[in-house]
Structures are given as structure tokens and as C-alpha cells.
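A.B. asks: What follows is each chain in one-letter form.
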Amino acid sequence: DQQVKQNSPSLSVQEGRISILNCDYTNSMFDYFLWYKKYPAEGPTFLISISSIKDKNEDGRFTVFLNKSAKHLSLHIVPSQPGDSAVYFCAASPNSGYALNFGKGTSLLVTP
Amino acid sequence: EAGVAQSPRYKIIEKRQSVAFWCNPISGHATLYWYQQILGQGPKLLIQFQNNGVVDDSQLPKDRFSAERLKGVDSTLKIQPAKLEDSAVYLCASSITGGSAEAFFGQGTRLTVV
Numbered sequence: 001d002q003q004v005k006q007n008s009p010s011l012s013v014q015e016g017r018i019s020i021l022n023c024d025y026t027n028s029m030f031d032y033f034l035w036y037k038k039y040p041a042e043g044p045t046f047l048i049s050i051s052s053i054k055d056k057n058e059d060g061r062f063t064v065f066l067n068k069s070a071k072h073l074s075l076h077i078v079p080s081q082p083g084d085s086a087v088y089f090c091a092a093s094p095n096s097g098y099a100l101n102f103g104k105g106t107s108l109l110v111t112p
Numbered sequence: 113e114a115g116v117a118q119s120p121r122y123k124i125i126e127k128r129q130s131v132a133f134w135c136n137p138i139s140g141h142a143t144l145y146w147y148q149q150i151l152g153q154g155p156k157l158l159i160q161f162q163n164n165g166v167v168d169d170s171q172l173p174k175d176r177f178s179a180e181r182l183k184g185v186d187s188t189l190k191i192q193p194a195k196l197e198d199s200a201v202y203l204c205a206s207s208i209t210g211g212s213a214e215a216f217f218g219q220g221t222r223l224t225v226v
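For the record, the sequence lines run as chains A and B. In this text, residue positions in the first sequence follow our numbering: the first is 1, and each later residue adds one. In this text, residue positions in the second sequence follow our numbering: the first is 113, and each later residue adds one.
Honestly, the hints are just simulated from the structure, not real lab data. Just to be clear, a hint being listed does not mean it is correct.
A short list of chain B residues far from chain A (calculated; beta carbon distances all over 10 angstroms) [what the hints assert, rightly or not]:
#1 SER119
#2 HIS141
#3 LYS156
With a straight-line Cα cutoff of 27 angstroms, these simulated DSS-like cross-link-like pairs (lysine-lysine) come out [unchecked claim]:
#4 B:LYS190 - A:LYS104
#5 A:LYS104 - B:LYS174
#6 A:LYS5 - B:LYS123
#7 B:LYS123 - B:LYS195
#8 A:LYS104 - A:LYS54
#9 A:LYS5 - A:LYS71
#10 A:LYS104 - B:LYS123
#11 A:LYS104 - B:LYS156
#12 A:LYS104 - A:LYS5
#13 B:LYS183 - B:LYS127
#14 A:LYS56 - A:LYS104
#15 A:LYS5 - A:LYS54
#16 B:LYS156 - B:LYS195
#17 B:LYS127 - B:LYS156
#18 B:LYS195 - A:LYS71
#19 B:LYS190 - B:LYS127
#20 B:LYS183 - A:LYS68
#21 B:LYS174 - B:LYS123
#22 B:LYS156 - B:LYS123
#23 A:LYS68 - A:LYS5
#24 A:LYS71 - A:LYS54
#25 A:LYS68 - A:LYS56
#26 A:LYS104 - B:LYS183
These stretches of chain A come out as covered by chain B in the derived footprint (C-beta under 8 angstroms, 3 or more residues) [said to hold, decoys possible]:
#27 73-79
#28 99-107
These numbers come from a predicted model, not from an experiment. Ideal Cβ positions, reconstructed from N, Cα and C, are used throughout, including at glycine.
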């Protein structure tokens with residue numbers, strides 16, 4: 001049973017534009033949400049997180065928005081750069097004491 | 113700071129053979145995870161250790177998979193006997209605290225069962 005869903009397997013964006021990656025979840029107990037970035041042949045690397053007490057968290061070009069009532073979060077990358085091309089995983093957990101539930105990932109391609 | 117180390121990077125075995133993977137977490141990280149990532153899927157937790165105790169192994173196929181973390185540092189994951197559907201990347205991750213505080217992942221071991 002997939003509790004974290006990333007319904008877009010792939011996304012293509014022009015360099016300099018905004019990339020928006022979406023994620024939905026079904027478990028209302030999830031309280032902590034993270035985005036990981038993965039390059040081929042490497043392990044996922046942490047990008048940004050948000051807890052349920054917030055609706056927005058920003059780190060440089062990356063912003064995560066959380067809509068708890070809709071059980072939806074999104075990652076915005078502005079401006080997108082070719083080096084951002086990777087697979088992005090959304091992950092969630094009930095709290096910091098539990099392991100992560102991952103979505104299937106969205107492959108982002110940023111073209112020059 | 114050294115990252116999470118895993119070996120081997122790649123392994124090809126025949127079905128019904130056994131295989132073992134090794135993980136050395138970041139120094140000082142109490143929590144260690146093994147995830148299985150099948151092609152086209154997100155990582156799925158197999159087992160979570162806190163120091164040398166098991167916190168969650170509910171998704172570990174215990175008839176064929178086993179894992180240990182002796183002395184609360186290094187960990188090994190074993191599959192015996194392997195099946196074709198075990199072909200995946202096996203990721204080890206570690207974190208300072210008991211869970212989702214950003215887990216740091218190793219490069220993974222790509223297992224192919226033929």
C-alpha cells in the first residue's frame with residue numbers, strides 16, 4: 001500500500017524556469033516530510049524538510065510547501081539549473097522516531 | 113566527515129545462492145537502516161536498528177533475509193536463498209537520532225539475481 005505518492009514519473013523544465021514537483025500522502029499520522037535528490041549510481045541525498053507545524057520551508061532555490069488538509073506537498077526549485085537534473089523522492093514519517101516512507105520518485109530534466 | 117560506506121557496489125548471483133552486504137555508518141550515528149529499492153520504485157524499509165537493537169523489521173522477509181548490527185556499529189544484511197525478485201539496490205542509511213532526522217545514505221549495492 002503506497003502511502004506516499006508521486007504521480008508524475010517525469011518532468012522536463014527549461015533552465016531558469018520554475019520546477020514544481022508534487023507529492024501526496026494518505027497517512028494522516030505523517031508529521032515530518034522530506035525531499036531527497038538522487039543522481040544515477042549514488043544514494044539519495046537529503047535536500048529539504050518540513051514539519052507539520054509549518055506550511056513552508058525555504059532553503060536557497062528550494063522551497064517546500066505543505067498543505068495538511070489536502071495531504072499534499074510540493075517542492076519548488078527556482079531558478080532551475082541543469083545540475084538539478086536528478087530523481088527527486090518525497091518521503092514522510094509519523095515523527096522523528098520512525099523510518100521514512102518514500103514515494104516512487106519524479107525524474108526531473110532541466111534543459112539548457 | 114566520512115559518509116556511509118557499503119560494499120560490494122555490485123553483485124551478480126544465481127537464484128538460490130546466498131549473498132551478504134556490508135554497511136559502515138557514519139561515526140556516532142545510533143540509527144541504521146537497510147532499504148530495498150526495486151527499479152522504478154522508491155526505497156522500502158527492510159529493517160531499522162537503534163544501536164544494536166532492532167526497532168522495526170516488519171517488512172523484512174524473515175524466511176530468507178537476516179540482518180545484524182553487532183556492537184552497534186557495522187551491519188550486515190544477508191539473503192539466503194536469493195530469488196529473482198530480490199534483484200534491487202540495497203541501500204544502507206544512518207542518522208544521529210532515532211529516525212527521520214535527515215538520514216544519510218550510502219551508494220548502495222546493486223544486486224542482480226539470474
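A.B. asks: For each hint, tell me whether it holds in the structure or not.
C.D. replies: The hints, checked one at a time:
1. SER119: The assertion about SER119 of chain B holds, with a minimum of 13 angstroms to chain A.
2. HIS141: Holds, since 13 angstroms exceeds 10 angstroms.
3. LYS156: violated (7 angstroms)
4. B:LYS190 - A:LYS104: holds (25 angstroms)
5. A:LYS104 - B:LYS174: holds (24 angstroms)
6. A:LYS5 - B:LYS123: Violated: LYS5 of chain A and LYS123 of chain B sit about 30 angstroms apart, past 27 angstroms.
7. B:LYS123 - B:LYS195: Measuring from Cα to Cα gives roughly 14 angstroms; hence the hint holds.
8. A:LYS104 - A:LYS54: Holds, at roughly 24 angstroms.
9. A:LYS5 - A:LYS71: Holds - the C-alpha atoms of LYS71 of chain A and LYS5 of chain A are around 10 angstroms apart, at most 27 angstroms.
10. A:LYS104 - B:LYS123: holds (24 angstroms)
11. A:LYS104 - B:LYS156: Distance ~10 angstroms between LYS104 of chain A and LYS156 of chain B Cα, so the pair holds.
12. A:LYS104 - A:LYS5: Distance of about 7 angstroms is within 27 angstroms: holds.
13. B:LYS183 - B:LYS127: With a Cα-Cα distance of about 31 angstroms, the restraint between LYS183 of chain B and LYS127 of chain B is violated, given a limit of 27 angstroms.
14. A:LYS56 - A:LYS104: At roughly 23 angstroms apart (the allowed maximum being 27 angstroms), LYS104 of chain A and LYS56 of chain A satisfy the hint.
15. A:LYS5 - A:LYS54: Holds: LYS5 of chain A and LYS54 of chain A sit about 21 angstroms apart, inside 27 angstroms.
16. B:LYS156 - B:LYS195: holds (17 angstroms)
17. B:LYS127 - B:LYS156: Given pair LYS127 of chain B, LYS156 of chain B holds - Cα atoms ~22 angstroms apart, limit 27 angstroms.
18. B:LYS195 - A:LYS71: Not satisfied, since the Cα-Cα distance of roughly 37 angstroms exceeds 27 angstroms.
19. B:LYS190 - B:LYS127: holds (14 angstroms)
20. B:LYS183 - A:LYS68: violated (40 angstroms)
21. B:LYS174 - B:LYS123: Holds: LYS174 of chain B and LYS123 of chain B sit about 21 angstroms apart, inside 27 angstroms.
22. B:LYS156 - B:LYS123: holds (20 angstroms)
23. A:LYS68 - A:LYS5: holds (15 angstroms)
24. A:LYS71 - A:LYS54: Holds, at about 13 angstroms.
25. A:LYS68 - A:LYS56: The hint holds at about 11 angstroms.
26. A:LYS104 - B:LYS183: violated (34 angstroms)
27. 73-79: violated (count 0)
28. 99-107: holds (count 7)
Checked against the numbered hints above, the structure violates hints 3, 6, 13, 18, 20, 26 and 27; every other hint is satisfied.
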